[in-house]
Amino acid sequence: MRHRILVAILLPVVIVGVLLSGWATTALVPPLLGFIQNRTDAGLKLVTNLSLEKCEHSFNYLLDLRLDEDPSMNASLKRETLSEIKAVSDQFDKIQVIVLNAHYEAISNVAQAAASPAIAIENLNSSGTIVPASVFGRPARVSVLYFPFWRWHIVGFIFEKDYHAPITMARNIIIGGTFGLLLAVIITAGLAFYLRVNQPLKRIILAAKRVAVGQWAKVDPVGKDEIGQVTSAFNAMVEGLEVDQQKIKEIMSALAESEEMYRVITENSLSQITLVKDNKIIFANQRALEDSGYSLPEIVGRSALTHIYQRDRSAVNHMASRCLQGDPAPGPVECHYVTKSGELRWMELSVVPMTYKGQPVLLAHGLDITERKAAFEEQQRLESRLQQAQKLEAIGTLAGGIAHDFNNLLMGVQGNISLMMLDISADNPHHERLKNVRQYVKTAADLTQQLLGYARGGKYESKPLRLNDLVRQTARMFGRTKKEIVIQVDLQPNIWIVEADPSQIKQVLLNLYINAWQAMAGGGELHIKTQNVSLAQEAFKTFPEKAGEFVCITVTDTGVGMDEETLQKIFDPFFTTKQRERGTGLGLASAYGIVKNHGGGIFCQSKPKKGTIFFIYLPRSEKRPEVEAVDMDAPQAGSGTVLLVDDEEMVLNIGQEMLAYLGYQVLIAQSGQAAIEILEQQGDQIDIVILDMIMPGMGGAETFDALRQIQPHIPVLLCSGYSIEGQASRIMERGCEGFIQKPFELELLSQQLREILKNASSSR
Amino acid sequence: MALLRHMWVIGIGVFIICAASHPVEGASPILVGATVSREGRYQEPSKMIRLSYRLWEKQVNETGGLLGRPVRLVLYDDKSQKELVRQYYEKLIVQDKVDLVLAPYSTGLTYVASEVTEQHRLVLLASGASGEMIWQRGYKYVFGVYGLAKRYFIGFLDLTARNGLQTVVILDQDTLFTRDAANGAQAWAGRLGLKILERHTYHNSETEFPLLLGRIKNLKPDALLLCSYPPDGYRFLQALAKADFHPRALALSITPSLPDFYEKAGPLAEGVFGPSQWEPDERIPFPGTRRFIRAFVDFTGVSPSYHAGTAFAACQLLQQSIGVVGALDHPKIRDHIAALDTVTVIGRFKVDPQGRQIGHTSIIIQWLNGKKEIVYPTKMQTAPPRFNSPSR
Numbered sequence: 001m002r003h004r005i006l007v008a009i010l011l012p013v014v015i016v017g018v019l020l021s022g023w024a025t026t027a028l029v030p031p032l033l034g035f036i037q038n039r040t041d042a043g044l045k046l047v048t049n050l051s052l053e054k055c056e057h058s059f060n061y062l063l064d065l066r067l068d069e070d071p072s073m074n075a076s077l078k079r080e081t082l083s084e085i086k087a088v089s090d091q092f093d094k095i096q097v098i099v100l101n102a103h104y105e106a107i108s109n110v111a112q113a114a115a116s117p118a119i120a121i122e123n124l125n126s127s128g129t130i131v132p133a134s135v136f137g138r139p140a141r142v143s144v145l146y147f148p149f150w151r152w153h154i155v156g157f158i159f160e161k162d163y164h165a166p167i168t169m170a171r172n173i174i175i176g177g178t179f180g181l182l183l184a185v186i187i188t189a190g191l192a193f194y195l196r197v198n199q200p201l202k203r204i205i206l207a208a209k210r211v212a213v214g215q216w217a218k219v220d221p222v223g224k225d226e227i228g229q230v231t232s233a234f235n236a237m238v239e240g241l242e243v244d245q246q247k248i249k250e251i252m253s254a255l256a257e258s259e260e261m262y263r264v265i266t267e268n269s270l271s272q273i274t275l276v277k278d279n280k281i282i283f284a285n286q287r288a289l290e291d292s293g294y295s296l297p298e299i300v301g302r303s304a305l306t307h308i309y310q311r312d313r314s315a316v317n318h319m320a321s322r323c324l325q326g327d328p329a330p331g332p333v334e335c336h337y338v339t340k341s342g343e344l345r346w347m348e349l350s351v352v353p354m355t356y357k358g359q360p361v362l363l364a365h366g367l368d369i370t371e372r373k374a375a376f377e378e379q380q381r382l383e384s385r386l387q388q389a390q391k392l393e394a395i396g397t398l399a400g401g402i403a404h405d406f407n408n409l410l411m412g413v414q415g416n417i418s419l420m421m422l423d424i425s426a427d428n429p430h431h432e433r434l435k436n437v438r439q440y441v442k443t444a445a446d447l448t449q450q451l452l453g454y455a456r457g458g459k460y461e462s463k464p465l466r467l468n469d470l471v472r473q474t475a476r477m478f479g480r481t482k483k484e485i486v487i488q489v490d491l492q493p494n495i496w497i498v499e500a501d502p503s504q505i506k507q508v509l510l511n512l513y514i515n516a517w518q519a520m521a522g523g524g525e526l527h528i529k530t531q532n533v534s535l536a537q538e539a540f541k542t543f544p545e546k547a548g549e550f551v552c553i554t555v556t557d558t559g560v561g562m563d564e565e566t567l568q569k570i571f572d573p574f575f576t577t578k579q580r581e582r583g584t585g586l587g588l589a590s591a592y593g594i595v596k597n598h599g600g601g602i603f604c605q606s607k608p609k610k611g612t613i614f615f616i617y618l619p620r621s622e623k624r625p626e627v628e629a630v631d632m633d634a635p636q637a638g639s640g641t642v643l644l645v646d647d648e649e650m651v652l653n654i655g656q657e658m659l660a661y662l663g664y665q666v667l668i669a670q671s672g673q674a675a676i677e678i679l680e681q682q683g684d685q686i687d688i689v690i691l692d693m694i695m696p697g698m699g700g701a702e703t704f705d706a707l708r709q710i711q712p713h714i715p716v717l718l719c720s721g722y723s724i725e726g727q728a729s730r731i732m733e734r735g736c737e738g739f740i741q742k743p744f745e746l747e748l749l750s751q752q753l754r755e756i757l758k759n760a761s762s763s764r
Numbered sequence: 001m002a003l004l005r006h007m008w009v010i011g012i013g014v015f016i017i018c019a020a021s022h023p024v025e026g027a028s029p030i031l032v033g034a035t036v037s038r039e040g041r042y043q044e045p046s047k048m049i050r051l052s053y054r055l056w057e058k059q060v061n062e063t064g065g066l067l068g069r070p071v072r073l074v075l076y077d078d079k080s081q082k083e084l085v086r087q088y089y090e091k092l093i094v095q096d097k098v099d100l101v102l103a104p105y106s107t108g109l110t111y112v113a114s115e116v117t118e119q120h121r122l123v124l125l126a127s128g129a130s131g132e133m134i135w136q137r138g139y140k141y142v143f144g145v146y147g148l149a150k151r152y153f154i155g156f157l158d159l160t161a162r163n164g165l166q167t168v169v170i171l172d173q174d175t176l177f178t179r180d181a182a183n184g185a186q187a188w189a190g191r192l193g194l195k196i197l198e199r200h201t202y203h204n205s206e207t208e209f210p211l212l213l214g215r216i217k218n219l220k221p222d223a224l225l226l227c228s229y230p231p232d233g234y235r236f237l238q239a240l241a242k243a244d245f246h247p248r249a250l251a252l253s254i255t256p257s258l259p260d261f262y263e264k265a266g267p268l269a270e271g272v273f274g275p276s277q278w279e280p281d282e283r284i285p286f287p288g289t290r291r292f293i294r295a296f297v298d299f300t301g302v303s304p305s306y307h308a309g310t311a312f313a314a315c316q317l318l319q320q321s322i323g324v325v326g327a328l329d330h331p332k333i334r335d336h337i338a339a340l341d342t343v344t345v346i347g348r349f350k351v352d353p354q355g356r357q358i359g360h361t362s363i364i365i366q367w368l369n370g371k372k373e374i375v376y377p378t379k380m381q382t383a384p385p386r387f388n389s390p391s392r
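Heads up: the sequence lines are chains D and S, in that order.
Quick note: the first sequence uses the numbering used here, first residue 1, plus one each step.
Quick note: the second sequence uses the numbering used here, first residue 1, plus one each step.
Mixed in with the good hints, there may be bad ones.
Said to hold, decoys possible - Cross-link-like lysine-lysine pairs, in silico, DSS-like; alpha carbons within 25 Å at most:
#1 S/K379 / S/K350
#2 D/K340 / D/K373
#3 D/K623 / D/K529
#4 S/K242 / D/K86
#5 D/K609 / D/K529
#6 D/K78 / S/K379
#7 D/K610 / D/K483
#8 D/K45 / S/K379
#9 S/K140 / S/K350
Quick caveat, the hints were computed from the structure, so don't treat them as lab data.
Owing to the predicted nature of the structure, the values given are computational and were not obtained by experimental measurement.
Isolated chain D, as found in the complex (with noise of 0.2 Å):
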């Protein structure tokens, strides 16, 4: 509707104006009609009573004359009263006045009452009341006078016709003339609305119009009335306008900058971020949409808690209404959420209350925290590992002191029994238990070979071999004495080379062996496979320290398998889930401490009723093999002299007898100091120098770099408990010709020294 002001404004109009002629001519016809009416009324009334008083007139005149009973002179005074009644009346337009006698018969207008009966009223009422009357047979209103001298009645009266006539006209009048008026404001109102409003408004429209579409467009002055005004308004509110929509294009500008940057931060939050409104979730940022797998309006709208793993539920739950309840900042928590896939994953959660849009709402920061939790496992797992290492070591440190003071022990023991039984005859009754005491002594050095096995003290000579003839004789060797279980070997052709002790190596399988069989009590399967592996970092980092290519050994039972808990303690020294009499429990923390001394690893799987499987990681070496075979011959005789060095006087007593019984000369030194001066003193006899590695005061590394400063080619065979780890290996390096660990026997020192010297000589 294009002209809806027009006829907003002129329809009310229309309307009030309508009602309001309405109202004028209900409300104005009435009154005014009976304006006219009354006036009619009182005309008729006055022309009435005039003829009254034309007659009361007469009477007071016949009264004042003394005349009143005089018949002729009463009706002189009726014809003259009569004629100035009718005088009277013919003053008064369509009002006449009819005077009738006692009998009600007319004495006027004589010739109308000829024609038709002058006046039919019922209850004619003298009053002057106006009533209907019937007069000269038409209807009329009449008022009636009496006069009681004459005994007249004087009707003045009008005809219905004539008294409704005015009435009639007055009604045309007001009602034609109320809504004609109307129309000629309407009109005019319309008109001046068409040319004083709505052509401005118009032009004020068409502005707007183009305003709107960006075109700050102003209209022309049309002067100062109202719609003046508008206009002048109008063009202030454009130029208001335009400068607001530069402000509002700053100010969005800024706002969209400012929404940016917080709409980066909010998606690229690390953080899952949600909005959560009685208990639903209406806004999730990329990482929690990321995170949970579901798109934005998937995840609108659902409860955040099914979200929650449902064992976590009453711990988030929990914070959440202690949040609502004014806790600004309970938790956080830890718990799993689920993402859409139904992955478990874990999540750090924190809820903060806030207001959004006049609603009390949670806003909820999860971080998913499932990398961390592996990371912090794996750490408690790896500082559990480096605990349990830090404790092997100590007790290592331990076992080795106590084997170094142990072997020295035997080393007395094994000398003089060796010096014993040289001096007895086979048929002597002690020579037997000579025999059997030198067997408890080998068993001894045995049990102290564990220790420093488990203490890494126990490797004597690393060489390159093959781990596939170990395996095999060794298990050649276990499976004749243990018939009741069945022995699988799987060797993988074309082995790794290995650099390691075999004698140690061997007593590590021999430990895996015997472990397996005893697991196996009602017999079982054994099996024992070996096979290159190459190990990535990663894959690795359960392994060894160190990455790279190893040849791995498995030994698998059938066996009644093991605990967690027993798992953890199996490397432990002295652990034993065995009867007291049938284990040590030194067998797996000596293969422990041997595969760690090559560099190595091993591990362990195993599971209650499922068996064991124990995993021998030992590192490629590229070396060649060495075939030599160890042959222990008979202690034979050599010559020269020997300078022992040692702090224990029981060696030295020992150790000279036994290089005495080899035919060598000895010179004794307590320490290193005295070692040194006996070699500045003596030096040029003395062929060789069997020095002791520790000793309090001046030690063996530091005797033997004195030593050498004496007599840089003077050949030094070193002697320990220790193993060659350590020290040893390091005095090695400086040239230190051979290694025998105590305790040895006559045999192998006879050995050792006739091979130094041998070689000392041939250098020379």
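Dock chain S against the given chain D, drawing on the hints supplied.
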């Protein structure tokens, strides 16, 4: 006031009031004699007459006197008694040698006074009488100022007949005037078509009214008309109220025309008709009427009744006639008055050859809403008449 009145009674019985007018220097006063009723049945209307006489005396003397001479009133108290009237008028004329006489109040007293004045050929303007018998004796020097008593109720009866009332009872006191008025009313009721249910003349209002009204009430007349003087008028109203008798129209003579009627009668006065010779209504357009009313009120503090108006009119006529004649020549004055057709403060004055007033027309007043309204004749109406409903 009571003490003063008592002293008069005990003393000489005559109370002469000397006007405190301004005497005209060097001239003997013209003595004007009259009796007034300070006591008796006529005392109330007579008081009005006395006050008008005094007002006239004052105004004449203030305006140069009469014939250049001051005027001095000589008034005696006739106590409403005819004999005293006769004696005092004899005394005034013979002993006091008054130059002019004014009339007492009432037809009866005027009748007696006129016998004396006619004998001495002194002009007497009967300003307080309307009984026609005064002019039936062939006197030459007595002129009426009132309309005649027998015509007092024509207007009232005309109104009742015009408004559809059909029956009337007429009561009258046994006096000249009242009988004359009742006779006139009776005659005119018949002529105007009203049916007279009873005509009764009473002698003692106190004893007769209760029984009389009890009987009349049973007749259920539309209109009731009493011709009496004021004391009986008030008594009649109380008797009507006591009898719970409320005719559609009630008319009393004299009493309702008095200014203090409503004060004395109270609500009983409402709706009562009465004849009057004049009313102090400033709307009445006669020359000097408004001035007289204001002067009277200023002089006396009360509004004048028609008695005061007619008395003042009589004085005006006498003064005017003397002025025209130019001497205190009574025969000439008499001739002048007899030929007069003039207008006084109460209206037209014109007498017939017998001296009866024929120029003046009586009016009918009605007390409406505590106010005295003229209801007849129609051309002088100040309010339309109101009739009680038939059930009242």
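Going down the list of hints, with the structure as the test:
no., hint, result
1, S/K379 / S/K350, "holds (20 Å)"
2, D/K340 / D/K373, "holds (21 Å)"
3, D/K623 / D/K529, "holds (23 Å)"
4, S/K242 / D/K86, "violated (50 Å)"
5, D/K609 / D/K529, "holds (21 Å)"
6, D/K78 / S/K379, "holds (19 Å)"
7, D/K610 / D/K483, "holds (22 Å)"
8, D/K45 / S/K379, "holds (14 Å)"
9, S/K140 / S/K350, "holds (15 Å)"
Hint 4 alone, counting from the list given before, is not met by this structure.
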